[in-house]
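Asker: In order, the protein sequences belong to chains A and B. This note's numbering runs 119 ahead of the 1-based position in the first sequence. This note's numbering runs 119 ahead of the 1-based position in the second sequence.
Bear in mind the hints are in silico, worked out from the structure with no lab data behind them. One should not assume that every hint holds.
Copies of the same chain look alike in the list, so a pair counts if it fits in one copy or across any two.
[To be verified] Below, a list of computed lysine to any residue pairs in the SDA-like style, where the Cα atoms sit at most 25 angstroms apart:
| no. | residue 1 | residue 2 |
| --- | --- | --- |
| 1 | K685 | A727 |
| 2 | K685 | V632 |
| 3 | K374 | E457 |
| 4 | K168 | G347 |
| 5 | K357 | D337 |
| 6 | K685 | R722 |
| 7 | K374 | E705 |
| 8 | K213 | G582 |
| 9 | K213 | E705 |
| 10 | K357 | N452 |
Quick caveat: nothing in here was measured; it's all calculated off a predicted structure.
Number of protein chains: 2
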Amino acid sequence: MDRNDFRRELAQQLRVDSIRSSDAGGSGHPTSSMSAADLMAVLLDGHLKLDFDDPSNPAGDHLVFSKGHASPLLYACFKAAGAISDDELLSFRKLGSRFEGHPTPVIPWVDVATGSLGQGLPVAAGLALAAKRFDRSPSRVWCLCGDSEMAEGSIWEAFDHASHWELDNLVAIVDVNRLGQTGETMHGWNLDVYAERARAFGWEAIEVDGHDVEAIEDAYAQAEGTSGRPTAIIARTKKGAGVKAVEDQPGRHGKPIEDAEAAIAELGGERDLTVELAKPERRTSRRSDGGGFEPPRYDLGDEVATRKAYGEALKALGDARGDVVALDGEVSNSTYSEIFRDAHPDRFVELYIAEQQLVATAVAFQRRGWKPFGSTFAAFLTRAYDFVRMAAVSRADIKLCGSHAGVSIGEDGPSQMGLEDLAAFRAVHSSTVLYPSDANQTAQLVGLMADLDGIAYMRTHRGALPVIYEAGDRFEIGGSRVVREGDDITLVGAGVTLHEALRAAEELAGDGVDARVIDLYSVKPVDAQTLARAAAETGAIVTAEDHWPEGGLGEAVLSALAEAGKSCPVRKLGVEIMPGSGTPEELLREAGIDAIAIATAARKLVGARATA
Amino acid sequence: MDRNDFRRELAQQLRVDSIRSSDAGGSGHPTSSMSAADLMAVLLDGHLKLDFDDPSNPAGDHLVFSKGHASPLLYACFKAAGAISDDELLSFRKLGSRFEGHPTPVIPWVDVATGSLGQGLPVAAGLALAAKRFDRSPSRVWCLCGDSEMAEGSIWEAFDHASHWELDNLVAIVDVNRLGQTGETMHGWNLDVYAERARAFGWEAIEVDGHDVEAIEDAYAQAEGTSGRPTAIIARTKKGAGVKAVEDQPGRHGKPIEDAEAAIAELGGERDLTVELAKPERRTSRRSDGGGFEPPRYDLGDEVATRKAYGEALKALGDARGDVVALDGEVSNSTYSEIFRDAHPDRFVELYIAEQQLVATAVAFQRRGWKPFGSTFAAFLTRAYDFVRMAAVSRADIKLCGSHAGVSIGEDGPSQMGLEDLAAFRAVHSSTVLYPSDANQTAQLVGLMADLDGIAYMRTHRGALPVIYEAGDRFEIGGSRVVREGDDITLVGAGVTLHEALRAAEELAGDGVDARVIDLYSVKPVDAQTLARAAAETGAIVTAEDHWPEGGLGEAVLSALAEAGKSCPVRKLGVEIMPGSGTPEELLREAGIDAIAIATAARKLVGARATA
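Looking at chain A on its own, in the form it has when it is part of the complex:
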């Protein structure tokens, strides 16, 4: 068969298989798959270099479906390439099948979970950057985008960074089928709009008929030959192409084809073509993971901000391990990741003020075996919350640090105060949430983060806090520390509120109340045992956190006690008012989370018990 004919036949097979799997699954997006079938057929036949038996070969290409709802097409490609059986294809969307409604890395050839539009291209840019800069590998990253998702701002963060990084190993294939879920997109088939924007963002742009295999071949060849910048192929396609009943029809999004049998017949019936993918050369990784992390040491009583300790520990971690990379959102002199940057400039990536691209890049880096630590203000990680959520679906192992947490930042005001980060990160599957109270502890925990699975989050403070632990002290994920013994009541804090709790305990001691003070530096997982013992032995608990009252440290304590089957009166202190500007001390006072507030709450609980 002539190569062009083969490709056309292969495309028809991809369409038929997309219809078949959606039909078997009873739901899915066959029409969004059919528009891109020719684009994928040409890609599989001679362009995509992938060894399905060795997906972690650092020289292999990546195929990212940013339009994750076209999963039937992706899975049909896997079948056509001989990687999965027809039975597996037909398990689509059934319980226990790895072929879910939207692709996830449960499938070894899927790099990132997609289905929240606008995320695949940012991750693809990160993969291309890691391949080019860190792995110095010939990998090319092919990313299939929908036209609807071009409305997501995150897409333009990727466009901006990819050209800045000169990623000539990145190709975005934009499937302009004109139809979104509810109707026509903003720009319909105006391909020029997309091409002009891509060019203005520093990309090569090629407009093409997405159903013409010869034109597609030329476009891919041109992309492969372009150097110094990424390429966007803007392809005019028809949704549901090949089946009259649905082709270019609105109202057909996300539904199996009504008469699948007739549609398959119209497409020429089932086929059983196999396409042999080009194989990448075999490479091994350039990474060295090393070891022997020596955390920086701080002297008892010194005043050190936890953010500073984060930066110094990260630098030390980078000294010890060649696989640690750092990313920051243009605030590295605030988060102190600049200490790492200055020591290891080749392993630091500046994301400018683009937090979504920051998290996407971290997800990409871990996929290629690196250990990414990303930092910005805790408040600004909310900008990337959907990316964090999806990173968990991607089973990604990333490390994030949010600095400038809480009202204790002072004068900058509420826009800069991370006050919801504990709640947001606790409510992420696979997450670890750390909130250190001292510099030596911070440094130790940074070391432990490197090898944690899942989404590891550390919260740091702007202001200096006294060092209360010896440099050699050991801390573990899921642990806590009783920093003061006492049997009358327990005060639980972390970060700045631990220090307020310690001051409150001093004050209470003057009243003859012996307060136990617990440093709950590991907010998730949480040390239920120590909390349950405190409930039993002291009979009352006050929690204090520089965070909104919901979803943070206080509720972590309540959940741990409930889980352990222990209960006692608990008074939960958090920020109950919208803060303004002021000094840290004034704002802690006004928010009701300083030593005075903690002592007052404790006296009330102890008093209630006495009169009971």
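Fit chain B to the known structure of chain A by using the hints.
Answerer: Then chain B, alone, in the frame of chain A:
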């Protein structure tokens, strides 16, 4: 004085006052203010139409500082316009002053809180849309942007929508001072990059020397004369302009000028110029708020999805009230806001797949007196979490609905499942979180949302649920409903898990266990009284939620009990595994939140009490 000389003098005054306030406050961003002083001086003198005594005049212009850290400049403008005294200016960043580190609507002439970069322009676009389309007012919206924030994807969502909406009443002034917080921006003084991107996004773009008052005048006049599209003025400026010690110097971001006195002298000393702003014509609002909301009625036992009831109730609310507007992120046939759209197309805004612009537009609409209801999948509101956070700082009254919550959506898989929305929205100051369990209840609550202050969030489900309440039943914010009486144990759920709890209660009744079932449809504020009574009377509680275990309904219950000083054994059920695809029933089962799981947990608690 010649007008250009006056403007130059006025600009120097704005610089001097920016230095003075930052000096008095001990922190702030004077250098980021000084770069834009000439741009603001020309704007104040003859372009900006604003009556400081009547900021809600719908014909007035808006001045949005998207680069909110340039607050010293904004406040200096207020002083120059005679709106505030010098004493007030010098209260900058002090506790209790409304002149916070970053502007908020605590100041009556500030439309939106900024300081999280990339948010002002999206809100400015929404203000311009409301003025043009809803209020048919001659208001112009002037938005000062930083060059650093052009890296935020949300900026490009605004560019995309503003040209689509043909907002010739919107002017973005981009202060290209080249220097970010840590160093040079990605594009430095390459003004062409910004201008080309703006043009590719359908804007008029003008490059200008941002320190040349005559050139600035020409640019503003051209913007005012442009029709059919918005204008971006790309201004080349120097950070810290006018003071040699800091002008165009890196490392000067976010710091008062070291030698303020010398700097003021270099700028020609203090001045006391007043500029009279152009006054807008006096207009009254075109809005009618109406009344007489008649919620749709559903028959007991019918199967209706809460998302459907949301759409039908919203349409009915739109029938009754002329001030209700709806927004959706290209999924209106899923959220059912399409029912409103079809009935009131003139009050529906399609945001395509741009959730950040969706929330920003809602914030803008409420600022101009409208009642915005925005909807998309609950999962995709995470994309706009920073905008929701900042909406709270803006004291905005917006209503959001997240559909397709939880694993009960079924086959689409985890990327589409909102499983963190309750945690995220509870941890927002001023928020209300509603999670209705039945169609009549949903409809009632939609009506109540219209007049709620703050961030009102409603979670809806994809699947149909039986109607369990009469159409006339009344529900209130902060309420709950005991849907089944019983004294042996309490089961608490909402939405799909309420129905699972009801089934569990049936099953338990077979074992002779009388379970009380509480519908906790108001997750915040929460009905602590009913929960405390249940704890006291039944002695044990099982909570179940189609949500991660953290920060949601279960922890709301634990917090309410702690607050009320009541305790009992509580077993909290939530989604503990990463779900895949499957039927709703299979996934509820696998997640451990179906009737069987609830009954099992209840039996265990009752059994433990029996053996205790």
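Asker: Next, verify each hint and record whether it holds.
Answerer: Now the hints, each set against the structure:
no., hint, in the structure
1, K685 x A727, "both (19 angstroms within a copy, 13 angstroms between copies)"
2, K685 x V632, "both (23 angstroms within a copy, 23 angstroms between copies)"
3, K374 x E457, "between (50 angstroms within a copy, 18 angstroms between copies)"
4, K168 x G347, "within (21 angstroms within a copy, 47 angstroms between copies)"
5, K357 x D337, "within (20 angstroms within a copy, 46 angstroms between copies)"
6, K685 x R722, "both (22 angstroms within a copy, 18 angstroms between copies)"
7, K374 x E705, "between (57 angstroms within a copy, 21 angstroms between copies)"
8, K213 x G582, "between (51 angstroms within a copy, 18 angstroms between copies)"
9, K213 x E705, "between (56 angstroms within a copy, 10 angstroms between copies)"
10, K357 x N452, "between (49 angstroms within a copy, 21 angstroms between copies)"
Of the numbered hints listed earlier, not one is contradicted by the structure.
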